[in-house]
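4 protein chains.
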Amino acid sequence: MNRSELFERYQSTRRITEQLISPLEVEDTVVQPIMDVSPPKWHLGHTSWFFETFLLAPYLTNFRPFHPKYSFIFNSYYDHVGQRVERAKRGLLSRPTLKDILDYRKSTDQGICHLISGVSEDDWQDVAKLTELGLNHEQQHQELLLTDIKYILGHNPLFPAYIESNTIPSNHDSNDALTQPKFIEIPGGIYTIGHQSEGFHYDNESPSHEVLISDLKLQNRLVTNKEYLEFIHDGGYQDFRHWLSDGWDTLKKNKWSSPLYWHNFDGKWFEYTLHGLQPLALNAPICHISFYEAEAFASWAGKRLPTEAEWEISAKILPDAFSNSGRFLENGHYHPQMISSDLTPQLHQMFGDVWEWSASSYLPYPGYRHSADALGEYNGKFMVNQMVLKGGSCVTPKDHIRASYRNFFHPDKRWQFSGMRLAE
Amino acid sequence: MNRSELFERYQSTRRITEQLISPLEVEDTVVQPIMDVSPPKWHLGHTSWFFETFLLAPYLTNFRPFHPKYSFIFNSYYDHVGQRVERAKRGLLSRPTLKDILDYRKSTDQGICHLISGVSEDDWQDVAKLTELGLNHEQQHQELLLTDIKYILGHNPLFPAYIESNTIPSNHDSNDALTQPKFIEIPGGIYTIGHQSEGFHYDNESPSHEVLISDLKLQNRLVTNKEYLEFIHDGGYQDFRHWLSDGWDTLKKNKWSSPLYWHNFDGKWFEYTLHGLQPLALNAPICHISFYEAEAFASWAGKRLPTEAEWEISAKILPDAFSNSGRFLENGHYHPQMISSDLTPQLHQMFGDVWEWSASSYLPYPGYRHSADALGEYNGKFMVNQMVLKGGSCVTPKDHIRASYRNFFHPDKRWQFSGMRLAE
Amino acid sequence: MNRSELFERYQSTRRITEQLISPLEVEDTVVQPIMDVSPPKWHLGHTSWFFETFLLAPYLTNFRPFHPKYSFIFNSYYDHVGQRVERAKRGLLSRPTLKDILDYRKSTDQGICHLISGVSEDDWQDVAKLTELGLNHEQQHQELLLTDIKYILGHNPLFPAYIESNTIPSNHDSNDALTQPKFIEIPGGIYTIGHQSEGFHYDNESPSHEVLISDLKLQNRLVTNKEYLEFIHDGGYQDFRHWLSDGWDTLKKNKWSSPLYWHNFDGKWFEYTLHGLQPLALNAPICHISFYEAEAFASWAGKRLPTEAEWEISAKILPDAFSNSGRFLENGHYHPQMISSDLTPQLHQMFGDVWEWSASSYLPYPGYRHSADALGEYNGKFMVNQMVLKGGSCVTPKDHIRASYRNFFHPDKRWQFSGMRLAE
Amino acid sequence: MNRSELFERYQSTRRITEQLISPLEVEDTVVQPIMDVSPPKWHLGHTSWFFETFLLAPYLTNFRPFHPKYSFIFNSYYDHVGQRVERAKRGLLSRPTLKDILDYRKSTDQGICHLISGVSEDDWQDVAKLTELGLNHEQQHQELLLTDIKYILGHNPLFPAYIESNTIPSNHDSNDALTQPKFIEIPGGIYTIGHQSEGFHYDNESPSHEVLISDLKLQNRLVTNKEYLEFIHDGGYQDFRHWLSDGWDTLKKNKWSSPLYWHNFDGKWFEYTLHGLQPLALNAPICHISFYEAEAFASWAGKRLPTEAEWEISAKILPDAFSNSGRFLENGHYHPQMISSDLTPQLHQMFGDVWEWSASSYLPYPGYRHSADALGEYNGKFMVNQMVLKGGSCVTPKDHIRASYRNFFHPDKRWQFSGMRLAE
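Residue numbers (this note's numbering), protein chains in the order written: chain A, 81 to 504; chain B, 81 to 504; chain C, 81 to 504; chain D, 81 to 504.
Warning: the hint list may mix true and false statements.
Pairs count within a copy or across copies, as identical chains cannot be separated in the list.
[Said to hold, decoys possible] Using 25 Å as the maximum straight-line C-alpha spacing, the simulated DSS-like pairs for lysine-lysine come out as follows:
(1) Lys-262 - Lys-396
(2) Lys-179 - Lys-332
(3) Lys-348 - Lys-383
(4) Lys-348 - Lys-149
(5) Lys-493 - Lys-169
(6) Lys-332 - Lys-493
(7) Lys-149 - Lys-396
(8) Lys-169 - Lys-396
(9) Lys-396 - Lys-478
(10) Lys-478 - Lys-179
(11) Lys-332 - Lys-306
(12) Lys-333 - Lys-493
(13) Lys-179 - Lys-493
(14) Lys-262 - Lys-306
It is worth saying that the hints were derived from the structure and are not from the lab.
Chain A on its own, in the form it takes in the complex (with noise of 0.2 Å):
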């Protein structure tokens, strides 16, 4: 990529971000209703501060920061940086206004232009790397955006739409039956995970690796709400019998009975979107379900979920994996889309809707190093206690994801577009 080109997708990405906010009202971009949310705000300035520090302060002359105090109010997690405002505490600060974090972006989208334009040969490749990483970077913000003004509007007494529109069909007396999932036979043996190829991956990709799987079936549909519905009907938020202990005291301690947004109106369930309350669609996949919530479901139904090399072997060994994507960002839905009612015995949906659950824990590849600089904390230091998924969600942009992207999370969180598919 030359520095136009690099330069011309800089711009694009970054408007992206901009144009998610402008359904919000001011006061929407202030609040954090809980610690894993932050501020739409925030989001704005932090992806601004990533750019300015790991770009502008080393490699642009003359660099001077837009405002004193900004590292400390923007950084996320890097101790390599410095002092920052608590987590919990983001929702706290009035100030900046977005009015002020709009210029602070401004501004550094004219020291990306200089630097990008001005560069000397020796720094354009670690500029030109880095450039990428902040790209990347701010793309997982776009679905963070998404994700936490879900929870901030869904959360509302009001329970105010981010986008009208009437496209999202109710199945809730539905008489389609889906079809029966089919299960998809993948051949055992020793294959490579990891990423392999030239383009952009993040370190906890790497290094790309061997692994001996058994024989395998995958069912060729994510689980749906209607699925999900015959297992709370059958009592399963009330037997302990389907939990792993740590997940039945999480369901205890914050009384979880349904999926996230999910309420239940006079004996009818709906279901917020962001497109606003609506009745429960029963042939979408299940989504914002906990791992603990993902595996209670799967041990109940006498099936498993599949590890992540098992996951990503299939989605790479079967070549219509990707083809037969669901919903991305950019289409606009910020919903997972309808399971269709003939689908073909191929894999569906695996990239795209949902991010998918697996049975396994976010640990380092063999041989994984990160780096020993602040951007060596990017991914590193998190490899403990949490779970990975696959695949990228309806609010994920489509080109970043890939079938070897590890994302993780703790195994009680459900505010991010996550589902599952099942294995045997």
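Chains B, C and D: place on chain A using the hints.
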């Protein structure tokens, strides 16, 4: 007061509330940094809800609520009125927006306009009385608005000013030492305290009743920052001997080492004010201290705090007490005024400037009864675990305060404009 | 009192403490089910530490501490004396064992024996005074021992009895209704309260001083379980209107629905007593309620609690008050006595049986000063956030109580033998 | 094993448990200083309950429970079996007493005696199998007993010894430096892990299955206190770069600055052992560290922890691994043994001495299924959020450990005898 006079007073009082938020950014009206502090836009909505609930709903013909969910959102603590948003979660709600709430206020104002002009003679007395209560309630929230705004801006790493001005001279290096405070003698005996005249008062000021006090000496001025600094320099925050046990525990738990809003940068003391961060003004009254700190200072100084009866009797029998008042909200400084270096041997600044902690617990007066309806919850249910404060502050509306007024807060609270005067 | 009389009194008081633990198993002396409750063996050690610290250390020639760490382990709250085990962690210490602590007591007793017989005439007055204080302290811990033992055994799933006996008749189905309580009239006026005579008293009972009270009516008997049950049956624990706001929050947080130690098994009420689980005795005084519950009951009944001044004046001016006392520790029942069905129109059970919650906050008397040394921490530093109780209980030593005695607890505490009497 | 052999083994195993508490005072058996630690008398009761519940209740003719409430008191975590005392409240129960529980054990032993001699041939296989499980369970609690006793005594300000002896020489000032650890090479390839032979094993060790590992180097000895001290002296506990994010948060929250049981008095290091407080033995294996500390040390040292597969394969293919074992419970030292200064280039102390943290999360083996009854809760429901430890420790019974044994704890736990060995 006739109908048009009352509505005029209604209009002017309501406008003051709205003027108070005009220097703010929208973002400032949303956040709630601690449970005690409510988001400014919540104050705007809650005071409208008070008029809607206690006046429009029962007395306005064909009343319809502005929005079916607003009672849930803007009820503060009235169990009679029903369910409500948890107090600690007011700052998690981005909607209704500030604009929505200003519309709500307009609609309420129209309703009150219709009500006052159109209510039957039968209901007029009740409506007039409740309107007066609503306006006193509105005034209390004007003070709380400024108190909470100070907390929001004063805990932001950028220390933004609420109003820009240079009206606060620093006395940090001042050589003009204040003269020592003088003690005014009040003879012991039987006095009547509580509200006696015709005008408006809260139920907690009645019934007026006789009390017996001993001879008393009360300082003619407030304790200053300079005097409090001596307490700090003498190790006051490190020496358990000065402190009540609960106070010492609170100090250790919260790591207190100075009053709220004080900062020591490179050995120099600063104080956040609504005019921004300022060098500490030595001859200004101490402000933003808890009862525990006031009590510890008095103990260190070998003096004591006056009881609420002693304070009220002193304010009533010395005719100059009110004329020597300090600043009120109307002065527009929102900060207590400097103490003059040549004070007359009279009581100064008894009213305005800072609330004065008394040595008295907030308990019902003999024979006190609260009404059986929702408004009975206004004061009565808080009569335990709190201490009485007297005299109003620089953010209290001038016509809101009187000698019998009983303000009350838990002994660990510091975000009010609270200071002290010593007795012996 | 001469030296041998004092030592005799010392001996007999100390023996009572040890007798109180004789019905216990070793295991019972170790545990601390809540922070308020101390392990019985800690009480035994702490009361010895008190004599060692305040008598042996300063006055005994060639004093050496029994064990270098015991001051750390058995100091309760005296900051002057130094570091100590956190209050909540007393129940985590298996050592020193009960036997070690009994040895510590023996050694202390020998030390006191030497001190009393051998101290110089110069120090004799001080030693005699401090010994008397130590014995009063010991008596307070005799009461606490029984209170804490009741909590330990009464919260064990096996409900073991402390003493086996059948002395508590049940009145659950009794038809002999009590006559209604009568109101005794006390004329208003100026009275002196606080300790006046020569004998021992705590510093918080002084200085005696004049107070002004209005005419008063005080019930001639305590509130009964039966009356309290009516409050429960009338929905008292579900109706916020009767409760102070902090009380209502406490009730909801702790899910209170009846007094401490009450259990409803299959629709029948039982009460844990030191004689084991018993059917609820309807005509016994209500016991183990918090101030919040006492206040809510009074509010429901349309009455109020007396202030501490009203209570003390009534007890002092009516000469029969003490002669009509209820049970004390010496009676060995450790449970309040049933109320007689034909009471004379005099004050009954003012002393003994149950501590009576007053309507007064625990504050210093006018002119109160605590001493500057460690013993100044005995009472003074607790004078905030607590309510006064009067009259002693069935686990108070008889010669420990007097009309001016001020007991004090936070308004949410229920593990003391605390009940109430109404006024109007 | 025939009936009399089984009963003999039962008898001897049960006696060991009781011998382990013989050095204790009654008081030591009662307390629970942290939730992880159970009171010793609870362990005694729980292991009896296990036999009563899973053997006597289903198989013994005319079975009657020893006490109707004991199942409530001594059930650990079996939801199938019913309600139970909250884990954190085990230390609040003084009853049943130690003596009661020893009686309970006797009664259970008689029941098992009758059962083993009298059970029908039909049930014999089941009974034999469950008895073996019960004895393995008893052995796990023997280890836990010592682990918990160490915590109880080691956190007492008196630091009492469990056994008095001078068998732990101090190496603090020792000059005989250990030789550097040697790396043993293990060739990569496909190996089988998990339990394969006939003997007893837990369900979590099965199914045995093939795994693929790369070439590996494993240190021939454990990491020592001296090596760990270098990490501390190099600022290891102050430098975030070595730590996983969750580990760094744990360190800061708990103010960790050295392993559990280490104390620095006047610049000299001591370590609490079951023999009392001792100068730190430099050449002893590091013990009582969390996974976070093990991982941080490895990161600082430029090495890594082995995976559980790598560890098990190494222990299996190197025939000397078991013969070079360290200490077990039977040795009666209850402390890991010093590392010899001239070690052969073989794997030493793989078994015994300290549990070795692996780099692997505790997850089900491919094809793992737990049984549907209460015993299915034994292991399976804990398979999330924990890390695997291998090899047993100096408080593990020797015949209880094997190469396929999978122990598991949360990564922040330090009260187990846990240490590490490095790989690369």
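Tested hints:
no., hint, in the structure
1, Lys-262 - Lys-396, "within (19 Å within a copy, 41 Å between copies)"
2, Lys-179 - Lys-332, "neither (42 Å within a copy, 36 Å between copies)"
3, Lys-348 - Lys-383, "neither (29 Å within a copy, 49 Å between copies)"
4, Lys-348 - Lys-149, "between (50 Å within a copy, 21 Å between copies)"
5, Lys-493 - Lys-169, "both (20 Å within a copy, 21 Å between copies)"
6, Lys-332 - Lys-493, "both (15 Å within a copy, 24 Å between copies)"
7, Lys-149 - Lys-396, "neither (46 Å within a copy, 51 Å between copies)"
8, Lys-169 - Lys-396, "neither (42 Å within a copy, 46 Å between copies)"
9, Lys-396 - Lys-478, "within (17 Å within a copy, 47 Å between copies)"
10, Lys-478 - Lys-179, "neither (29 Å within a copy, 37 Å between copies)"
11, Lys-332 - Lys-306, "within (24 Å within a copy, 37 Å between copies)"
12, Lys-333 - Lys-493, "both (14 Å within a copy, 22 Å between copies)"
13, Lys-179 - Lys-493, "neither (32 Å within a copy, 34 Å between copies)"
14, Lys-262 - Lys-306, "within (17 Å within a copy, 59 Å between copies)"
The structure fails hints 2, 3, 7, 8, 10, 13 (numbered hints given earlier, in ascending order).
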